[in-house]
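Undergrad: Residue-level listing of the chains:
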Amino acid sequence: MTATATSGLNSIPALLAQNVAQHGAKAAYREKEFGIWQSWTWAEAAAEIDALAAGFLTLGANVGDHIAITGRNRPALYWAMVAAQKAGCVPVPLYADAAAEEIAYALDHCGARFVVAGDQEQVDKIADIRDQLHVLDHIVYLDGRGLRKYDHSHMTSYADLQKAGRESGQMDEIEKRSAALGPDDKCVMLYTSGTTGRPKGVVLSNRNVIETSKNSAEFDHLKAGDEVLAYLPMAWVGDFIFSIGQAMWTGFCVNCPESPDTMQTDLREIGPTYFFAPPRVFEMQLTNVMIRMEDAGRFKKWLFHKYMAIGREIGPKILDGKPVTGMERLQYRLADWLVIGPLKNTLGLSRVRVGYTAGEAIGPEIFDFYRALGINLKQLYGQTEATVFITQQPDGEVRSDTVGVPSPGVELKIAENGEVFYRSPGVFVEYYKNAESTASTKDAEGWVATGDAGFIEEGTGHLRIIDRAKDVGKMASGALFAPKYVENKLKFYPDILEAVVFGADREYCTAFINIDLTAVGNWAERNNIAYSSYQELSQHPRVLDTIQAHVAEVNKSVAADEMLAGCQIHRFLVLHKELDADDGEMTRTRKVRRRIVEEKFADLIDALYGGKSEIYTETEVTYEDGRKGKITATLAIRDAAVETAGKVAAE
Amino acid sequence: MKDTVEPYTTPDGRTIGGVLMDMRNITLRFGGVEAIKDISLNIREGEIRAIIGPNGAGKSSMLNVISGFYNPQEGEVWFRGEKRPPMKPYQVARLGIARTFQNIALFEGMTVLDNVMTGRLTHMKSNMLAQAIWRGKAEQEEVANREVVEKIIDFLEIQAIRKTPVGRLPYGLKKRVELARALAAEPKLLLLDEPMAGMNVEEKEDMSRFILDVNDEFGTTIALIEHDMGVVMDLSDRVVVMDYGRKIGDGTPDEVRNNEQVIDAYLGVAHD
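Going down the list, the protein sequences come from chains A and B. Using the numbering used here, the letters of the first sequence correspond one by one to residues 1 to 651. Using the numbering used here, the letters of the second sequence correspond one by one to residues 1001 to 1272.
No lab work stands behind these hints: they were computed from the structure. There's no promise every hint is true.
To be verified - Straight-line distance between alpha carbons at most 20 Å, and here's what the computed PhoX-like set of lysine-lysine pairs gives:
#, chain 1, residue 1, chain 2, residue 2
1, A, 470, A, 413
2, A, 577, A, 628
3, A, 301, A, 317
4, A, 163, A, 26
5, B, 1137, B, 1083
6, B, 1151, A, 32
7, A, 630, A, 577
8, B, 1204, A, 628
9, B, 1163, A, 32
Unchecked claim - Across the chosen pairs, the derived CB separations fall in these ranges:
#, chain 1, residue 1, chain 2, residue 2, range
10, B, 1129, A, 521, 33 to 43 Å
11, A, 159, B, 1136, 49 to 59 Å
12, B, 1136, A, 128, 45 to 55 Å
13, B, 1200, A, 620, 19 to 29 Å
14, B, 1024, A, 149, 26 to 36 Å
15, B, 1015, A, 521, 29 to 39 Å
16, A, 64, B, 1123, 30 to 40 Å
17, B, 1200, A, 353, 39 to 49 Å
18, A, 620, B, 1074, 42 to 52 Å
19, A, 622, B, 1200, 14 to 24 Å
Think of the CB as a built atom: it goes at the ideal place given N, C-alpha and C, for glycine as much as any other residue.
Sequences are here, hints too, so could you generate the full structure?
TA: Right, here's the structure in full:
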């Protein structure tokens, strides 16, 4: 499309070379290790990458080979991706917390000859499945702890491989291979998390990644000097675009936390200027703040609530550039000095210029909270097949109920059944070894089905998403059934972690609810409610009362929308266990697998529609180490207040 | 029981060297009570050595003799080929013997980092005044010590609680911090007194992994007391069994498991 804009910069290695030339001495990567932030400049990072790329050649990597990468976010693993590209290979990042068989499937499907693994945990997983993988040749590991005694005939440490690479004198071959990379060559292959069926390998070209990175960086004025914290799974397309695509395009610095547990502290130390988080991270932060405020002294509480109220009123106005009076500005300044500033600092968000959330709908009060703090938090809508961006919210047009306007270069159309289609320079090349799925997702003109149902709001041009297109159904009465819409409303309550609504082809809707242990546990503690397990707490009558009240409130708001009034929840139960990816009930990105939940808990659904007031159930659970166990529980089923106004009027 | 002191390699590839600590005919009395009765046992370089036995068998007393907290009335303690005269615990610590305690003994008000730093005390050479002024050598020393400590924090995966006061931590983590402090001394011999007492299964598994990793990565010789037989049999190279202050068995886990006297002691056969 805009070949001139990216002329000569047809690959990530080409962007890297440009960054070395322009920002050679600036920090490119940082990682906290041994309690100190270690940093690498662009020039240093490039040298590390070259050494590893040459190392891959010494192992016999051929042009077009797949190199899988798995582990937590670390600079060395990002380098491995670029090194793979420099060696003419295609990086395939995998989810670090995936189970062995999921990794086996991906490795087998892509035919990876080499794997770069973060540590012993990852190596062990691959060792378990090695017999099934005939093409797998060599494992390169980063952290050698615990691996000394392993058979090293097909295993090398990252540092040793770099050393071998430096000594090999293969730099000419590396330069030749990376210079040959064109805009249509594969840049990366990412496995989709697979809410349905087997994961699919989405192939993105250099053009996809670079065009998208360029457009999105310009949209938000990202530049060298910005800071991001790389803490989301490397196998997720968003992280690839933020931490590699945009970082390489703009030359900003990627910071890796010390360990997943220290993310909050590290966030605070780095103070990123560009921050991305799924709604659950913001939810968790807000829940923590609220819990701590509950425990604070009376004066502090008063101060917090008074000035947050001012923030809520004036903060968003200032962000959106709307007129504010001098008095209001003064008040906000005071609030900022007393409450908002220190709070932002504690959360590590003092310097955030652009913040994004995506993946799931975000609750309005969470959204408003961050906007009140003066954080430019926006929503975007995207998917792997689009190289992330489909729509995003421009500065000054931020709302919690839309996902924004089409990103630069993206065209949208809405099909008859409400499904959203898009076409853009970021549209993926193909699903690897799956022509059938490619054809059914992407038509000849390049339009891609998102699988989501939505509509474009008149006047503003913003896209609003209702639900997954395949989940939008009809109830027995013919009324529209949009479970996600209702579930999201439920999940906006801090007490509710997850909700699954049923009702397709039924007379009325019912729901499963997961309580949030942090929020409800804290509430229980403050109210002197003793409990010994998640299960016991989930069935406590007072917890059920609270949830019942939440459901009634949601029903009231659902009833307000004429089209969706049929989706009110008549009966519900609180589940005795958290839905979990290890049990297959959720994807690794924590999206509910509706079908599996329906099958697994069929007895509970029958009970919901069978009019019982409680049900005894046995559930199989999988522990983290793969062992299985069984939990039994008797769950209470409750009726919720339903708004009948609409019905009466209809009659 | 293996009497050879030839170095050998274990099935999992670790090298067990010569005798590091040799306890010869130790007898320890408290007034008229004989806590340890004429026990000899050795600990070889690089091995994980367990001491087991019913309550009151004298296990902790044995550990306290090794660590210099008690001086036995009879017998000799040989460490690294030299006979050790009666010593104070801090002197023993300087020899390269560190320990953890059955009841956690950390500084509750101090952070994890500061607690672990105290483990470096035996490696601090500069005097108190220099440390107070904190210039030159004292500063360099602190930096070097901090580096060692940070490696241990990384090793035991306690980065997230580095700045947390110990008093706020759950029990399982406190045990891990105590292990970190002991490791900070870079001991030749590490004594663990019931490292897994009161832990749940997951915490025990974590702790077992750390013990094996410490032994493997740092080559630290480990002597431990533990009640969980599954753990002991899985972890250790050799096991000493004590009962009423006597040694009733010594050998590999398999040998000990089939030892008649040991079975009696654990099943509770009446003593004449």
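Undergrad: Note whether the CB distance of residue 1015 of chain B and residue 521 of chain A lies within 29 to 39 Å or breaks it.
TA: violated, 49 Å
Undergrad: Taken at face value, is the distance from the CA of residue 317 of chain A to the CA of residue 301 of chain A at most 20 Å?
TA: Between residue 301 of chain A and residue 317 of chain A the Cα gap is close to 25 Å, so the pair fails against 20 Å, i.e. violated.
Undergrad: With a cut-off of 20 Å on the C-alpha distance, tell me whether residue 1204 of chain B and residue 628 of chain A pass.
TA: holds, 19 Å
Undergrad: When you check the alpha-carbon spacing of residue 1137 of chain B and residue 1083 of chain B, does it fall within 20 Å?
TA: violated, 34 Å
Undergrad: Does residue 577 of chain A lie within 20 Å of residue 630 of chain A when you go C-alpha to C-alpha?
TA: holds, 11 Å
Undergrad: Given the hinted pair residue 577 of chain A and residue 628 of chain A, is their alpha-carbon gap at most 20 Å?
TA: holds, 14 Å
Undergrad: Honestly, do residue 1136 of chain B and residue 128 of chain A meet the 45 to 55 Å range at C-beta?
TA: Cβ of residue 1136 of chain B to Cβ of residue 128 of chain A: about 53 Å, so the range 45 to 55 Å holds.
Undergrad: Confirm or reject the claim that residue 159 of chain A and residue 1136 of chain B have a C-beta distance inside 49 to 59 Å.
TA: Because 34 Å falls outside the window, the suggested range is violated.
Undergrad: Need the status of pair residue 470 of chain A, residue 413 of chain A: alpha-carbon distance at most 20 Å?
TA: Judged against 20 Å, a Cα distance of about 17 Å means the pair holds.
Undergrad: Please test the hint of 19 to 29 Å on the beta carbon pair from residue 1200 of chain B and residue 620 of chain A.
TA: 21 Å Cβ-Cβ, so the 19 to 29 Å window holds.
Undergrad: Range first: 26 to 36 Å. Now tell me if the beta carbons of residue 1024 of chain B and residue 149 of chain A are that far apart.
TA: holds, 34 Å
Undergrad: Falls inside 30 to 40 Å, the C-beta gap from residue 64 of chain A to residue 1123 of chain B?
TA: Once the Cβ atoms are compared, 53 Å apart, the range 30 to 40 Å for residue 1123 of chain B and residue 64 of chain A is violated.
Of the numbered hints given earlier, the model fails hints 3, 4, 5, 10, 11, 15, 16 and 18; all others are met.
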